[in-house]
Amino acid sequence: MPFHAFARRIRAAVVPCAIGSAAVLAFSIASSAPDAQRSWWSPGQGGTLPAESAYPNHSGRLGIFSASGPVEATGQPFFTPLGKNGRACVTCHQPSDAFSISVDTIRARWDATGGGDPLFAGVDGANCPNLPMADPASHSLLLGRGLIRVFLPWPPRALDGSVIEPEFTIEVVRDPTGCNLSPEHGLASSHPTVSVFRRPRPVANLRYVTAAEFGVGPFNVKDSQPAAHDPATGKLVNMQLMADAREPTLATQAQSAVATHLEGRPLGAAALQKLIGFETQLFAAQIEDARAGSLVEPRGPPAFGPHALATGRTSVLGNNTTNYVFPIGEAWRQLPRTGEAAHDAQSAAREAIARGHDVFFFRTFWIKDAMHINTVGLGNPAKRTCATCHGMHMTGMDTVNGWMDIGTTNLPWAVEAPQNPWTRDKPEMPLFKLTCDRALAPHPFLGRVIYTQDPGRALITGRCNDIGTIVMQQFRGLAARAPYFSNGSARDLRELVDFYDRRFNIQYSEQEKQDLVAFLGAL
Amino acid sequence: MTRISIIVLCTTFLAAPTHAGEHRNFVSCPLVRDTKTVPCWLAEHDGELYYLGIQTDISADFDPPYLGHRALVEGVVAPNAERICGGVVLDPVNVSTLPELDGACNTVLPAEDRYQVPFAPRPPGPSGGRLAFEPPPGAAAAKPALTGPQEFAIEYDFDTPIMARHADVLTQIFGYATQAHARHIVVRGYRGATLLSDGTVMTERDTLPEARAKEVAQLLIGAGLPRAEIEVSWSTEVAQPRGDGDWHARRTVVRVEP
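In order, the protein sequences belong to chains C and Y. Following the working numbering, the numbering of the first sequence begins with 1 at its first residue and continues without gaps. Following the working numbering, the numbering of the second sequence begins with 1 at its first residue and continues without gaps.
With the rest of the complex left out, here is chain C (with noise of 0.2 Å):
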């Protein structure tokens, strides 16, 4: 069946276009831009990464720069299939999207090769390997919003594989994908184990996200626990890796990845070693805006593209006014108009991204009740912006330990379908009835019970207080990567500014909101 058949059967809350003809549309520009390979890069299918590539998207053109120059596919590991489903890294990171994938190209890809690609294996391509391949309905998560299953053992094991005794206990509320409940793959099996579903990271801009000379220390920052060493060297590591922090390295990443995703053995030591060499020196970031022209242009805002990516510095704290989160100098604040409509409305464009970055660092508003935010020493409300939480210069991430709760997995902010009579929406995501130990401090906004589609961290420390928390990630590379949060329950840009709004009252105007929305595409 193809996609957009599956699509109308389900009735699921995903974009309603035309998903059959997105692909050749897709097709048709990636060809066009100067510097595209290709659109989607098949494991071992060979071929050249250039060291400098674009690939256009909704909001303009994504700029690809690897900085050691241009790399063959063939011996490098990221392009080769490691495992029996045949995939590779290159699989759900592909070049054209930021090295992350988009729900667009998933749903291309399975239009394309009747979801025989190994994108779509059952070991995390489908809801539950258990349900039959060939049915789009199998895979709704990945075709609806990107999500890739990813299954952890119940109760938590530490790095040396003891048992984590956790603080709360897990009960199956809402199960749409039959995998948390399957005798085989659920918590009841004979190995207990809760799938989650989240979107694939970006492999790009890694130098910042591994980045360890900012507020790393024995004990995080978050709630005073230990911090994670990297098992190679000994030294602390700063925890932004996976929407969990459960790898404390790339290195641990891949082999975890290969393991698990790719459902293969082992890296050996050069392999691992050339695979981090290559995911460590690209930089991904959007070089054009289909209404602000080129963003990455002589005496620019300095922050855009990936070559300012490639030079910025690491593990700067941004959330101020010495380095800013994204520099974006003065040059695009107010620009001439000659009355000629196509300058004078990219001028526009562009003092609208300039005014969103303001929004962006400048606009405060009440964070209230989200934990690890406020309960790190700003108390509960904060009145703080944006730029309090995503602090790092140039990515927009936390400079360390960076999992917070805003309420995209836990309710009651999460997005879930409405329940009514007249409703045909059915709830997509699982849902987990968590309960704390009476014993303990409860989580100090949700109390002791808490309902979430994604425990988050907390599937790894067993921690009430982590429950829901989340890594936030980067920023660049947005408009080719939607959609958005750890579950991909923002479909756009500005459904993830709305749920803001939403979550935390902020009342930002039409336009602020529109300004916000300009300001991270061009990211």
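Derived by calculation from the structure, the hints in this document are not laboratory data. No experiment lies behind these values; they were computed from the predicted model shown. Please note that a few of the clues may not be correct.
[As the list claims (entries may be wrong)] Partner residues are not named here, just some residues of chain Y that face chain C (Cβ under 10 Å, in silico):
| no. | residue |
| --- | --- |
| 1 | H23 |
| 2 | P30 |
| 3 | D34 |
| 4 | V38 |
| 5 | T56 |
| 6 | D63 |
| 7 | Y66 |
| 8 | P124 |
| 9 | G128 |
| 10 | G129 |
| 11 | R130 |
| 12 | I162 |
| 13 | G175 |
| 14 | T178 |
| 15 | Q218 |
| 16 | G222 |
[As the list claims (entries may be wrong)] The following residues of chain C were derived to be distant from chain Y, with all beta-carbon distances above 10 Å:
| no. | residue |
| --- | --- |
| 17 | P155 |
| 18 | V173 |
| 19 | G217 |
| 20 | T252 |
| 21 | A310 |
| 22 | Q419 |
Yeah, the Cβ is synthetic: ideal placement off N, Cα and C, and Gly gets one too.
Fit chain Y to the given chain C structure using the hints.
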């Protein structure tokens, strides 16, 4: 909001006079008042409004409370201090967010021109490049290097375990134990009681000293100190509260012996 405003106006006339140096220990809902700069934190007790502190950043000694919880305020009326944000200034002041949730504590007061916070060391958004209470570059005097046995005190909010703000003292302990090649570390947990201004005594749970000591030991082990060198003990005894600095009794003491 209106109800609170009326209460505050009325109690301006009804409140007992405050005197510098008097202790004010009480439990009530914290209030947050917006201003044109940063918010300030207040609490009402016995018909009077008290100023607790302002929002700054993680470098501040003042750890603001949480709406959604009641707070235990333990303070002293500051001498010769003008009211701030409408509240009598308590200095020193210790504010504990009580663990259980209380949905009644949910008041945010709007900014009014008559309440200003001109002394805020950082604005509500991006800083000027330094944390609020970070010493200027070069101004920090070098601390003398520690030698020999050292004791470190970890002080807690009422009835609570380790929190985010304890990372600093844990890092100091870990750093000294590592640097001094500690051969023996004694972790001893305590609990405390607080004498409130109305004569009530609040006492922490008797399970806390053990839980606190074991948690600190576990954190130090988790960070890399050898388990064999750490001795854990606790005392459930409670010192007689005096209403003056009672919060110091809520502690775990870590003695590091090279």
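Hints and how they fare:
1. H23: violated (23 Å)
2. P30: holds (8 Å)
3. D34: holds (7 Å)
4. V38: holds (7 Å)
5. T56: This interface hint holds because 9 Å falls under the 10 Å limit.
6. D63: Nearest chain C Cβ about 6 Å off; hint holds.
7. Y66: This interface hint holds because 4 Å falls under the 10 Å limit.
8. P124: Because about 5 Å separates Y/P124 from the closest Cβ in chain C, which is inside the 10 Å limit, the hint holds.
9. G128: holds (6 Å)
10. G129: Hint on Y/G129: holds, closest Cβ of chain C at ~3 Å, below 10 Å.
11. R130: For Y/R130, the interface hint holds, since the closest Cβ of chain C sits about 8 Å away, which is under 10 Å.
12. I162: The hint holds - Y/I162 has a Cβ within 10 Å of chain C, the shortest such distance being about 5 Å.
13. G175: holds (8 Å)
14. T178: Holds - the Cβ of Y/T178 comes within 10 Å of chain C, reaching about 9 Å at its closest.
15. Q218: Constraint on Y/Q218 satisfied, holds at 9 Å.
16. G222: holds (4 Å)
17. P155: holds (17 Å)
18. V173: holds (22 Å)
19. G217: violated (5 Å)
20. T252: For C/T252, whose nearest Cβ neighbour in chain Y is about 18 Å away, the distance exceeds 10 Å, so it holds.
21. A310: holds (25 Å)
22. Q419: Holds, because the least Cβ-Cβ distance between C/Q419 and chain Y comes to about 24 Å, which exceeds 10 Å.
Hints 1 and 19 from the list above are not met by this structure, while the remaining hints are.
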